[in-house]
Amino acid sequence: MEAFDGWKVSVSAGGELFELPLNGRVAAELGKQSWIDQARVDGADARMQYIFDTRRLDLEPEDAPRDAVSETLAFLNGPAFIGFLRAVTGDDRIDFADAQATRYRPGHVLTAHDDTAPGKNRLYAYVLNLTREWRADWGGVLAFEGENGHVEEGFAPAFNALNLFAVPMRHAVTQVASFAPRDRLSITGWLRSNQPVGPQG
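Residues in the sequence shown are numbered consecutively from 1163, following the working numbering.
For the record, the hints were derived by calculation from the structure and aren't laboratory data.
Accuracy of the hints is not assured; some may be wrong.
Pair ranges (Cβ atoms, derived) [as the list claims (entries may be wrong)]:
| no. | residue 1 | residue 2 | range |
| --- | --- | --- | --- |
| 1 | Gln-1357 | Phe-1237 | 21 to 31 Å |
| 2 | Glu-1222 | Arg-1202 | 22 to 32 Å |
| 3 | Ala-1249 | Ala-1190 | 37 to 47 Å |
| 4 | Arg-1209 | Pro-1241 | 17 to 27 Å |
| 5 | Gly-1281 | Val-1313 | 37 to 47 Å |
| 6 | Ala-1208 | Pro-1358 | 21 to 31 Å |
| 7 | Glu-1224 | His-1312 | 41 to 51 Å |
| 8 | Pro-1241 | Leu-1326 | 13 to 23 Å |
| 9 | Gly-1252 | Leu-1192 | 51 to 61 Å |
| 10 | Ala-1242 | Gln-1357 | 18 to 28 Å |
| 11 | Pro-1280 | Leu-1326 | 37 to 47 Å |
| 12 | Lys-1194 | Pro-1358 | 35 to 45 Å |
| 13 | Gly-1245 | Ala-1206 | 43 to 53 Å |
| 14 | Glu-1181 | Arg-1248 | 41 to 51 Å |
Heads up, the beta-carbon is just placed ideally off N, CA and C, and yes, glycines get one too.
Turn these sequences into a full structure, and let the hints steer you where they fit.
Set out below in structure tokens:
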């Protein structure tokens, strides 16, 4: 994942909404780096905001070059893994998973939200962590918010750990610290049904 050079930066912050291809860690298109540099989360805005790098595995063309990360989508949708997820959750409505690879660099963040998306038939969200040797004080913590606004539970990235939780559930990814020496890497997405699951999904 670290060697992949086809990332896009995905931004929805401070009233700005865009997704730009990257060349390494900077904008691939001339003149667009300033868009990234000036992107700021508006702390007074209660809506979901985010800045992170993405590789949308379920949207990649079929003839795109294949690697271990792109093959993850087939693994997640294989009968063995779908069967495992149905057994763990006790929910036979799970039909398929979508997926994106994410890279959170220093300053990247995902503010509080509950994954509600009418018509998407989302049952559960998941994070497959691929970050080695991460400390909680580097940020990037998957934090779950209680009714009183306090953090009820938080999970720092741990290599090969799978976080799985029902939709809707209010959560965030805390901002990665400026001094974090490496990137927070993961495969994330939703476990979905082919049938309507109600207004929350």
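Okay, the hints, checked on the actual structure:
no.	hint	in the structure
1	Gln-1357 <-> Phe-1237: 21 to 31 Å	holds, 24 Å
2	Glu-1222 <-> Arg-1202: 22 to 32 Å	holds, 30 Å
3	Ala-1249 <-> Ala-1190: 37 to 47 Å	holds, 43 Å
4	Arg-1209 <-> Pro-1241: 17 to 27 Å	violated, 38 Å
5	Gly-1281 <-> Val-1313: 37 to 47 Å	violated, 30 Å
6	Ala-1208 <-> Pro-1358: 21 to 31 Å	holds, 28 Å
7	Glu-1224 <-> His-1312: 41 to 51 Å	holds, 46 Å
8	Pro-1241 <-> Leu-1326: 13 to 23 Å	holds, 18 Å
9	Gly-1252 <-> Leu-1192: 51 to 61 Å	holds, 52 Å
10	Ala-1242 <-> Gln-1357: 18 to 28 Å	holds, 22 Å
11	Pro-1280 <-> Leu-1326: 37 to 47 Å	violated, 22 Å
12	Lys-1194 <-> Pro-1358: 35 to 45 Å	holds, 39 Å
13	Gly-1245 <-> Ala-1206: 43 to 53 Å	holds, 45 Å
14	Glu-1181 <-> Arg-1248: 41 to 51 Å	violated, 33 Å
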